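This is what each chain is made of:
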Amino acid sequence: MRELIEAILPTVLRPSRYIGNEINAVHKEWHDQLKVAIAYPDLYEIGMSNLAVQILYHILNARADVIAERVFAPWGDMEAALTANRLPLFTLESWKPLNEFNLIGFSLGYELNYTNVVNMLKLGRIPLHRTEREETDPLIFAGGPSLFNPEPVIDLFDFIVIGEAEEAIVEIIEAAKQTTRKEKLEALSKIEGVFVPGHSVTVTKRHIKDLSSVPYPTQPIIPFTEPVHDRAVIEIMRGCKWGCKFCQAGWTTRPVREKKLETLIDQAEEIVKKTGYEELSLISLSSSDHSKIEELAKELATRNEKRRVNIALPSMRTNSFSVKLAHEVARVRSSSITIAPETGSQRLRDYIGKKMTEENIMESVQAVFASGIEAVKLYFMIGLPTETEEDLLEIGQLARKIFEVGRCHTRRVRVTVNLSTFIPKPHTPFQWERQITINETLQKQRLIKESIRQKFIDVRWHQAEASFLEGVFSRGDARLLPVIEKAWELGARLDAWSEFFDFDRWLKAFADCGIDPTDYLRQRSKDEPLPWDYIDSGVSKEQLIASTN
Amino acid sequence: MRVQIKYIKGEEVKFISHRDLIRAFGRAIRRAEIPIAYSQGFNPRMKISWGQALKVGATSSGETAELLLALPLSPSEVMARLNHQLPKGLAVIGANLL
Chain A
9 MRELIEAILP TVLRPSRYIG NEINAVHKEW HDQLKVAIAY PDLYEIGMSN LAVQILYHIL
69 NARADVIAER VFAPWGDMEA ALTANRLPLF TLESWKPLNE FNLIGFSLGY ELNYTNVVNM
129 LKLGRIPLHR TEREETDPLI FAGGPSLFNP EPVIDLFDFI VIGEAEEAIV EIIEAAKQTT
189 RKEKLEALSK IEGVFVPGHS VTVTKRHIKD LSSVPYPTQP IIPFTEPVHD RAVIEIMRGC
249 KWGCKFCQAG WTTRPVREKK LETLIDQAEE IVKKTGYEEL SLISLSSSDH SKIEELAKEL
309 ATRNEKRRVN IALPSMRTNS FSVKLAHEVA RVRSSSITIA PETGSQRLRD YIGKKMTEEN
369 IMESVQAVFA SGIEAVKLYF MIGLPTETEE DLLEIGQLAR KIFEVGRCHT RRVRVTVNLS
429 TFIPKPHTPF QWERQITINE TLQKQRLIKE SIRQKFIDVR WHQAEASFLE GVFSRGDARL
489 LPVIEKAWEL GARLDAWSEF FDFDRWLKAF ADCGIDPTDY LRQRSKDEPL PWDYIDSGVS
549 KEQLIASTN
Chain B
2 MRVQIKYIKG EEVKFISHRD LIRAFGRAIR RAEIPIAYSQ GFNPRMKISW GQALKVGATS
62 SGETAELLLA LPLSPSEVMA RLNHQLPKGL AVIGANLL
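Top line first, the protein sequences correspond to chains A and B. Just so we're aligned, residue 9 is where the first sequence starts under my numbering, counting upward by one. Just so we're aligned, residue 2 is where the second sequence starts under my numbering, counting upward by one.
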């Protein structure tokens, strides 16, 4: 098999996606350890930028009784080469076929990756449905944000993990050491946060009490080929106190937990030394909420000045404090700044629970332009509940106001308006809302585009058909798995990539299965059962209902 | 001071591109705390001149590169520190002052 792989590697794009051996990658000799494949259903460059992959790889390989290896979705050329040479999908570290592993865990964060899961299992020669797997087949599991509604893909998995996995993964390893498949599944079903179809009835989200006490990958794998996020990352807190009604991450990652200042400084020092990265990014859902953010950022800036490491603070609240702090600690001035007002009007912003005022926005952009930055990217959603044409027109008005502020500082000001379609997500106060149709999306995009005729304000949008599918699967049910499989048969994979995405294929798959996808976009009544009712995210339906107004 | 290094690109890394090899060396130099000189300007770069790119898939035991150091460090120390930090398949087999 090695020779065959060696022969195809020179024929595919970026072969280093498939071969391992990066700095900090762990290559162990195969003995009787438990073999775990960490599977990410998208390209290497995306998966290697995913913190969960690095965290689990680190925790698992720290154990002598486990071998953890990685596998990603192959690009089209690699899939063709594997198929033509009758090669199975293999892991990066030891080039072993997927079906030689005991456990294969998928990280799912985006619904358009579902066909990649099917494709990877097929290429890995593993029976697709849990009910078809036999005693010697690997146990296939999944975790990640998409699993807060697992129904469309639940039949692919022997078990799933809801919530944060740092502690659960250790218990999973112990359970997987049982002798028979039945014993393993029984042991797994007793783990908090784990749901075993056929055994479990409900499941409660797992979360870490003390973030400072769990292992953090301060020696992450450094890809050879450039990943989407090519920098060292320190996670400073989890959860978010703001409660925007549309934001699934905000509701499902509660409660808010900070990592201790001393822990953060130690981890930052270590990761910079062990990686050699030029940038250190402090991440969370809302970094300015960390009680020690100013102290932390300034201390890290001082320590890293001579090492030529830039300190980046993405995801800060939009206000002049954040802009000034980010500017103060950055070695390299960013070329642009991103602000997410979400809506054009203050009325709608208040309604969706986004606690940001136009005053906050204007004082921030004032500070941004004053610091020498010439480009501002703005993120808006269209199709929000109660939205009117007036709300949409105010998007252009806000962009123009920002543009005018920029004009006072520089002739080269650029403002970008990014439009995404609002997708009601499970476990949010908006989970019962209607999602707009493809036609409505296109109309709204056009309306905004036509209301903004300035040459220096660029309007971009997320593809309406992709948002439609994401919406269908986000609130989907078990009837959708046959559709996913059908779409896969028709050739759908790498749907998150515009060069591969083909909506007609999906429409055909829905039609063949006799399913009207638009039905999944409808408004739900508050008393109707929802497919994800058996997942307890930590926030009850009553709390969500109370937060809708 | 300028140090010329001779290095091998072995089996483990023969499929990485020249651009990726340069990135891997850059990070190793930073981890090894070698006092490399940087260019001036908005986007400072390490002052290294690289030899011709190898074809992807090819190994070599005699590639060279020239490092410009901002502070003195003996060639043998440059070699030792780099070899401690380079990924498997990349190794410096000689270093001398130019």
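The reader is advised that the hints may include incorrect statements.
These stretches of chain B come out as covered by chain A in the derived footprint (C-beta under 8 angstroms, 3 or more residues) [said to hold, decoys possible]:
#	segment
1	12-19
2	66-77
3	80-92
Here are the simulated DMTMM-like cross-link-like pairs (lysine to aspartate or glutamate), alpha carbons at most 25 angstroms apart as the crow flies [claimed, not checked]:
#	chain 1	residue 1	chain 2	residue 2
4	A	306	A	238
5	B	10	A	14
6	A	190	A	175
7	A	534	B	78
8	A	363	A	278
9	A	549	B	78
10	B	56	A	297
Treat the hints as calculated values from the structure; they're not laboratory data. As the structure is a computational prediction, the values presented were derived from the model and not from experiment. All C-beta atoms in this analysis are idealised placements derived from N, C-alpha and C, irrespective of residue type, glycine included.
Hint by hint, here is what the structure shows:
1. 12-19: holds (count 5)
2. 66-77: violated (count 0)
3. 80-92: holds (count 4)
4. A:306 <-> A:238: The hint holds at about 22 angstroms.
5. B:10 <-> A:14: holds, 16 angstroms
6. A:190 <-> A:175: OK: residue 190 (chain A) and residue 175 (chain A) at ~23 angstroms, within 25 angstroms.
7. A:534 <-> B:78: violated, 70 angstroms
8. A:363 <-> A:278: violated, 36 angstroms
9. A:549 <-> B:78: This hinted pair is violated, its Cα atoms lying about 64 angstroms apart.
10. B:56 <-> A:297: violated, 49 angstroms
Hint check: violations occur at hints 2, 7, 8, 9, 10; the rest are consistent with the structure.
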